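Peer 1: 1 is the number of the first residue of the sequence shown in the UniProt record's numbering; add one for each residue after it.
Bear in mind the hints are in silico, worked out from the structure with no lab data behind them. Since this is a predicted model, take the numbers as computed values, not measurements. Treat the hints loosely; a few may be bogus.
[As the list claims (entries may be wrong)] The list that follows gives simulated cross-link-like pairs (lysine to aspartate or glutamate, EDC-like), each with its CA atoms no further than 16 Å apart:
{"id": "1", "residue 1": "Lys26", "residue 2": "Asp5"}
{"id": "2", "residue 1": "Lys96", "residue 2": "Asp5"}
{"id": "3", "residue 1": "Lys96", "residue 2": "Glu44"}
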Amino acid sequence: MIDRDGYRPNVGIIITNDRNQVFWGKRIRQHAWQFPQGGIQYGETPEQAMYRELHEEVGLLPEHVKILGRTRDWMRYEVPQSWSKRESRGGYRGQKQIWFLLRLIGRDCDVHLRASEHPEFDAWRWNDYWLDINAVIEFKREVYTMALNELARYLPGHRHGMAHLQAHK
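Work out the full structure: start from the sequences and follow the hints.
Peer 2: Rendered as structure tokens:
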């Protein structure tokens with residue numbers, strides 16, 4: 001499902017623990033780390049898609065998490081044509097995302113990366129909330145920065161920090 005501007009509706013998921021660290025997943029068979037994310041299927045609300053993706057990618061159920069907040073508007077990023085598997089489908093530009101900030105109220109052992117037949121991650125760890133944005137694939141950095149900055153206000157005991165993009169030369 002691609003909108004008329006060429007963006008696929010998607011959800012991004014930032015899971016925090018009681019120390020305000022974030023879940024950081026390693027893409028299967030790659031040295032690339034990211035937050036869980038996935039497409040919104042026809043007829044799904046962003047919240048329904050978030051819970052489905054949370055289970056498919058991380059193995060967590062609704063009772064394992066509490067929603068702390070979500071972004072107000074869509075955040076968009078373009079996928080370079082060299083990365084796009086959909087380039088044969090004319091008009092695809094990238095993703096538009098609603099981001100959710102969750103608190104893990106379950107335990108670390110509730111995480112199951114093999115909950116689906118097609119796992120996305122083969123490892124995970126807790127990382128500082130204000131992660132090094134340069135660890136994120138380049139074309140997603142701006143949207144990660146915007147999501148982390150907008151959602152930080154929902155963190156219990158949140159400190160005013162900011163994720164910043166650093167220009168590559």
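Peer 1: Run every hint past the structure and note whether it holds.
Peer 2: Taking the hints in turn, this is what the structure says about them:
1. Lys26 to Asp5: Answer violated: Lys26 to Asp5 is near 30 Å, above 16 Å.
2. Lys96 to Asp5: holds, 10 Å
3. Lys96 to Glu44: Measuring from Cα to Cα gives roughly 15 Å; hence the hint holds.
Checked against the numbered hints given earlier, this structure breaks only hint 1.
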